[in-house]
Amino acid sequence: MHEKIFIKVENLTKWFDLRSSFTEKIFGEGERYVKAVDGINFEIKEGETFGLVGESGCGKSTAAKTIIRLLEPTSGSVYFKGIDINRLTLEEMKEIRRHLQIVFQDPYASLNPRATAHDIIAEPFDIHGVASGEEASYKVLTLLKDVGLAPHHAYRYPHEFSGGQRQRLGIARALALEPDFIVMDEPVSNLDVSVRAAIIQLILELQKKMGLTYLFIAHDLSLVKILCDEVNVMYLGKIMESGTSDEIFESMMHPYTKALISAVPIADPTKRSKKIFLTGDIPTPINPPPGCKFQTRCPLVSDICRIEEPPARWYSASHVAYCHNIEGGEESPEFYLK
Amino acid sequence: MSVIEVKNLVAYFFTPFGAVRAVDNINLDIKKGTALGLAGESGCGKTTAAYAIMNLMPFPGRIVSGEVLLKGLDIYKMSEEDLRKVRWKEMAMVFQGSMAALNPLYKVGAQITEPILLHEDTSNEDAIERARNLLELVGIEPSRVDSYPWELSGGMRQRAMVAMALACNPSFLIADEPTTALDVIVSAQVMDLIKNLRDNLELSMMLITHDISVIAQTCDELAVMYAGKIVEKASVSEMFEMSAHPYTHALIKAFPSIKGENRKLEGIPGSPPDLIDPPTGCRFHPRCPFAQEICTLEEPEIEVISEDHIIACHFWEEIDEKR
Chain P
1 MHEKIFIKVE
11 NLTKWFDLRS
21 SFTEKIFGEG
31 ERYVKAVDGI
41 NFEIKEGETF
51 GLVGESGCGK
61 STAAKTIIRL
71 LEPTSGSVYF
81 KGIDINRLTL
91 EEMKEIRRHL
101 QIVFQDPYAS
111 LNPRATAHDI
121 IAEPFDIHGV
131 ASGEEASYKV
141 LTLLKDVGLA
151 PHHAYRYPHE
161 FSGGQRQRLG
171 IARALALEPD
181 FIVMDEPVSN
191 LDVSVRAAII
201 QLILELQKKM
211 GLTYLFIAHD
221 LSLVKILCDE
231 VNVMYLGKIM
241 ESGTSDEIFE
251 SMMHPYTKAL
261 ISAVPIADPT
271 KRSKKIFLTG
281 DIPTPINPPP
291 GCKFQTRCPL
301 VSDICRIEEP
311 PARWYSASHV
321 AYCHNIEGGE
331 ESPEFYLK
Chain Y
1001 MSVIEVKNLV
1011 AYFFTPFGAV
1021 RAVDNINLDI
1031 KKGTALGLAG
1041 ESGCGKTTAA
1051 YAIMNLMPFP
1061 GRIVSGEVLL
1071 KGLDIYKMSE
1081 EDLRKVRWKE
1091 MAMVFQGSMA
1101 ALNPLYKVGA
1111 QITEPILLHE
1121 DTSNEDAIER
1131 ARNLLELVGI
1141 EPSRVDSYPW
1151 ELSGGMRQRA
1161 MVAMALACNP
1171 SFLIADEPTT
1181 ALDVIVSAQV
1191 MDLIKNLRDN
1201 LELSMMLITH
1211 DISVIAQTCD
1221 ELAVMYAGKI
1231 VEKASVSEMF
1241 EMSAHPYTHA
1251 LIKAFPSIKG
1261 ENRKLEGIPG
1271 SPPDLIDPPT
1281 GCRFHPRCPF
1291 AQEICTLEEP
1301 EIEVISEDHI
1311 IACHFWEEID
1321 EKR
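Line by line, the protein sequences give chains P and Y. Under our numbering, the letters of the first sequence match residues 1 to 338, in that order. Under our numbering, the letters of the second sequence match residues 1001 to 1323, in that order.
Calculated directly from the structure, the hints in this document are not laboratory data. This one's a predicted model, so the numbers in the text were calculated from it and none came from an experiment. Do not take every clue at face value.
On the chain P side, residues computed to face chain Y include the following (Cβ under 10 angstroms) [to be verified]:
#: 1; residue: Pro158
#: 2; residue: His159
#: 3; residue: Glu160
#: 4; residue: Ser162
#: 5; residue: Gly164
#: 6; residue: His219
#: 7; residue: Lys225
#: 8; residue: Ala259
#: 9; residue: Ala263
#: 10; residue: Pro265
#: 11; residue: Asp268
#: 12; residue: Thr270
#: 13; residue: Lys275
#: 14; residue: Leu278
#: 15; residue: Asp281
#: 16; residue: Ile282
27 angstroms max Cα-Cα, derived DSSO-like pairs, lysine-lysine [as the list claims (entries may be wrong)]:
#: 17; chain 1: Y; residue 1: Lys1264; chain 2: P; residue 2: Lys208
#: 18; chain 1: Y; residue 1: Lys1007; chain 2: P; residue 2: Lys258
#: 19; chain 1: P; residue 1: Lys208; chain 2: Y; residue 2: Lys1253
#: 20; chain 1: Y; residue 1: Lys1089; chain 2: Y; residue 2: Lys1007
#: 21; chain 1: Y; residue 1: Lys1195; chain 2: P; residue 2: Lys274
#: 22; chain 1: P; residue 1: Lys94; chain 2: P; residue 2: Lys25
#: 23; chain 1: Y; residue 1: Lys1007; chain 2: Y; residue 2: Lys1085
#: 24; chain 1: Y; residue 1: Lys1264; chain 2: P; residue 2: Lys271
#: 25; chain 1: Y; residue 1: Lys1264; chain 2: P; residue 2: Lys145
#: 26; chain 1: P; residue 1: Lys65; chain 2: P; residue 2: Lys209
#: 27; chain 1: Y; residue 1: Lys1032; chain 2: P; residue 2: Lys271
#: 28; chain 1: Y; residue 1: Lys1071; chain 2: Y; residue 2: Lys1089
#: 29; chain 1: Y; residue 1: Lys1253; chain 2: P; residue 2: Lys209
#: 30; chain 1: P; residue 1: Lys81; chain 2: P; residue 2: Lys94
#: 31; chain 1: Y; residue 1: Lys1032; chain 2: Y; residue 2: Lys1007
#: 32; chain 1: Y; residue 1: Lys1253; chain 2: P; residue 2: Lys274
#: 33; chain 1: Y; residue 1: Lys1089; chain 2: P; residue 2: Lys274
#: 34; chain 1: P; residue 1: Lys258; chain 2: Y; residue 2: Lys1253
#: 35; chain 1: Y; residue 1: Lys1195; chain 2: P; residue 2: Lys275
#: 36; chain 1: Y; residue 1: Lys1264; chain 2: P; residue 2: Lys258
#: 37; chain 1: Y; residue 1: Lys1253; chain 2: P; residue 2: Lys145
#: 38; chain 1: Y; residue 1: Lys1259; chain 2: P; residue 2: Lys258
#: 39; chain 1: P; residue 1: Lys274; chain 2: P; residue 2: Lys81
Where is the CB? At the ideal position from N, CA and C, for every residue including glycine.
Just chain P, same shape as in the assembly (with noise of 0.2 angstroms):
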């Protein structure tokens, strides 16, 4: 275990407070709360593409942006590169902003109409007082070159490029600064398929010359399985399963990940898979019943799952699914360190 830890997750917890009034916090029916993240715990090796997949509205985006900071925590920790971000004051956290980048899901809905490609890119400079002038705008032609934009892209507005070069200037604007850190929120979810690719070898291509660490989010899993080095699967504001991508593709565990990975459709007529399916749709997180988050549609459920938390069951010192239905493993992960 030398591989350095770049960012450490701690029991971290983001609930949104549906109480909206001040008369209704004071005489209101008690609490409600959306549990977005309910209490998630990881670790992000630098250099490594760590995946965060789900359905929509399992808490996949919120805890990204709990982890940069976007959103304040309700409760626990984000270390990057062991200093603990939260505590730091907003002087502070600009200073290491620069090193934590998102690029968002929608490039329709994330750039400025009103402003160019160049000035876009250009923003964060003025911001941070990296660069002004001529220097800013060498900058935002070497990026634009990176993302494989040409340089008379950099006076168009947004409205005059295609999806896959939206976020192309969307990827642009997160690398400026030259951050160590990208969060990729769905990057290629709004974009044809053939446009796709190109980003994804983009992607790719970024962190083999820049050492970028990733954190992409994605719900679907035929990507993450050919991007991501380690995959934690999310349900309603908690880590089912986490282990390396093989571990999670080839051996899960969790029969929600399970579920997951037979719904995906497979490019091949002479494979037509056994789907197992589940029933409804994802529960909402507002105050959650006891017990198991997946209870409502699990196959395997049981009354224990009803009353208690699931326990951890380790298949390896990576490899580990919540579940009380499930066989094997271990208590600890220590038993595979020995």
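Given the coordinates of chain P, assemble chain Y onto it according to the supplied hints.
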């Protein structure tokens, strides 16, 4: 027996800038109980083809020429009155974007019973009862007939759209991107529903999607469309094993697969052409790695290379050997 036969169909949009050649001479033949998948990038004319087959071309679109035979009868030659009798009763469609296709002001039940009441001589009560059964068939609580579309989740709305399309027991169903914008698990549920309905009701289907892995899992045949033309068509297994057209190949390679070894993803360079002024010769030539001079000059003819496998490419044999 063919349920739907499309012959030399040409459908354009007539804009002030010129005619957009969205569907430019396509031929399809869908037999009873089979499902055809129609794949291609956004803007290649898939949805226009569906609208043309339903004779629902929106303004400024128009059918220029061609025939669509529904059980042998040319629907373009029918009177508006006759057409209304077969539309939805014989051929129905699940429209793209359930959010936009359902009317937010009417209850789901009312929207499902509308075609029943229009087409059949039944009482309101009977129609509601049938709507309840249809909802049950697609896995929604029958009591949801009294819900408004916005009270349903995305997956439920998409199911309600399928229920609506099935209201008059059609023999042919077009499903236009039925799972786009749905989560994996919900989209697997909807696809499984469509597959079961097909098996149980002997439906013939045309499934439009850009995700060819969905077609691999559910269809019998695959037709690949590019810039208004069908460039290759064969059985699904043949297409995935030995697709010969460079575009089909590129489309398959652009998708990661969850099974097997990880392979490099390859995008398709460039973007789909402007259909007002499409490239001369083969429309794929500006993006094709194998293009030669003839591709820019002559449009490739459709060749039949084996039973039920057709292709339009000048060099498919040579490309096939290079692979």
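Structure-based check of each hint:
Annotation: Pro158(P) was flagged as interfacial toward chain Y, and the flag is violated, the nearest CB pair being 17 angstroms apart, outside 10 angstroms. A least Cβ separation of about 16 angstroms between His159(P) and chain Y goes past the 10 angstroms threshold, and the interface hint is therefore violated. At its closest, the beta carbon of Glu160(P) sits 14 angstroms from a beta carbon of chain Y; the interface hint therefore is violated under the 10 angstroms criterion. A cut of 10 angstroms between beta carbons decides the hint on Ser162(P): the least distance to chain Y is about 7 angstroms, and the hint holds.
Of the supplied interface hints, the one on Gly164(P) holds, with its beta-carbon coming within about 8 angstroms of a beta-carbon of chain Y, less than 10 angstroms. The beta carbon of His219(P) is positioned within 10 angstroms of a beta carbon in chain Y (closest approach about 6 angstroms), and the interface hint is therefore held. For Lys225(P), the suggested interface contact is upheld, since its CB lies about 6 angstroms from the closest CB of chain Y, less than 10 angstroms. The interface hint given for Ala259(P) is met, as the beta carbon of that residue sits about 7 angstroms from the closest beta carbon of chain Y, less than 10 angstroms.
At about 4 angstroms, the closest approach between the beta carbon of Ala263(P) and any beta carbon in chain Y falls short of 10 angstroms, and the interface hint on this residue holds. The restraint placing Pro265(P) at the interface with chain Y holds, with a minimum CB-CB distance near 4 angstroms, inside the 10 angstroms limit. About 6 angstroms separates the beta-carbon of Asp268(P) from the nearest beta-carbon of chain Y, less than 10 angstroms, and the hint is met. Residue-level restraint check for Thr270(P) holds (minimum Cβ-Cβ distance to chain Y is 7 angstroms; threshold 10 angstroms).
Against a cut-off of 10 angstroms between C-beta atoms, the interface hint on Lys275(P) holds, since the closest Cβ of chain Y lies about 6 angstroms away. Taking 10 angstroms as the C-beta cut-off, the interface hint given for Leu278(P) holds, the closest approach to chain Y being about 5 angstroms. For Asp281(P), the shortest C-beta to C-beta distance to chain Y is roughly 5 angstroms, which falls under 10 angstroms, so the interface hint holds. Satisfaction of the interface hint for Ile282(P) is found here, the shortest Cβ-Cβ separation to chain Y being roughly 8 angstroms, below the 10 angstroms cut-off.
Restraint check for Lys1264(Y) and Lys208(P): satisfied, since their Cα atoms lie roughly 15 angstroms apart, inside the 27 angstroms limit. The hinted pair formed by Lys1007(Y) and Lys258(P) fails the criterion: a straight-line CA distance of about 45 angstroms is larger than 27 angstroms. Annotation: proposed proximity of Lys208(P) to Lys1253(Y) holds, straight-line Cα distance about 22 angstroms (limit 27 angstroms). For the hint linking Lys1089(Y) to Lys1007(Y), the alpha-carbon distance of about 22 angstroms falls within 27 angstroms, and the restraint holds.
Restraint check for Lys1195(Y) and Lys274(P): satisfied, since their Cα atoms lie roughly 13 angstroms apart, inside the 27 angstroms limit. For the proposed pair Lys94(P) and Lys25(P), the alpha carbon gap of about 33 angstroms is over 27 angstroms, so the pair is violated. Simply put, Lys1007(Y) and Lys1085(Y) have alpha-carbon atoms about 22 angstroms apart, close enough for the 27 angstroms limit, and the pair holds. Simply put, Lys1264(Y) and Lys271(P) have alpha-carbon atoms about 21 angstroms apart, close enough for the 27 angstroms limit, and the pair holds.
Distance check on the hinted pair: Lys1264(Y) and Lys145(P) sit about 22 angstroms apart at the alpha-carbon level, within 27 angstroms; holds. The hinted pair formed by Lys65(P) and Lys209(P) meets the criterion: a straight-line CA distance of about 25 angstroms does not exceed 27 angstroms. Distance hint between Lys1032(Y) and Lys271(P) is fulfilled; the C-alpha atoms sit about 24 angstroms from each other, no more than 27 angstroms. Between the alpha carbons of Lys1071(Y) and Lys1089(Y) the distance comes to roughly 13 angstroms, so the proposed pair stays at or under 27 angstroms and holds.
A distance of roughly 24 angstroms separates the Cα atoms of Lys1253(Y) and Lys209(P); the hinted pair therefore holds under the 27 angstroms criterion. With a C-alpha separation of about 16 angstroms, the suggested pairing of Lys81(P) with Lys94(P) holds against the 27 angstroms cut-off. Annotation: proposed proximity of Lys1032(Y) to Lys1007(Y) holds, straight-line Cα distance about 17 angstroms (limit 27 angstroms). A distance of roughly 24 angstroms separates the Cα atoms of Lys1253(Y) and Lys274(P); the hinted pair therefore holds under the 27 angstroms criterion.
Note on Lys1089(Y) and Lys274(P): the hinted pairing is violated, with a Cα-Cα distance of about 33 angstroms set against a maximum of 27 angstroms. With a CA separation close to 25 angstroms, the supplied pair Lys258(P) and Lys1253(Y) stays within the 27 angstroms bound. A C-alpha spacing of about 13 angstroms is found between Lys1195(Y) and Lys275(P), which places the hinted pair at or below 27 angstroms, so the restraint holds. Between Lys1264(Y) and Lys258(P), the direct Cα distance comes to roughly 25 angstroms. Compliance with the 27 angstroms bound is thereby established for this hinted pair.
Proximity of Lys1253(Y) to Lys145(P) is assessed by CA-CA distance (about 26 angstroms); at most 27 angstroms being required, the pair is judged to hold. For the given pair, Lys1259(Y) sits about 13 angstroms from Lys258(P) by alpha-carbon distance, which is consistent with the 27 angstroms threshold. Between the alpha carbons of Lys274(P) and Lys81(P) the distance comes to roughly 44 angstroms, so the proposed pair goes past 27 angstroms and is violated.
Taken one by one, the earlier hints fail for this structure at numbers 1, 2, 3, 18, 22, 33 and 39, listed in ascending order.
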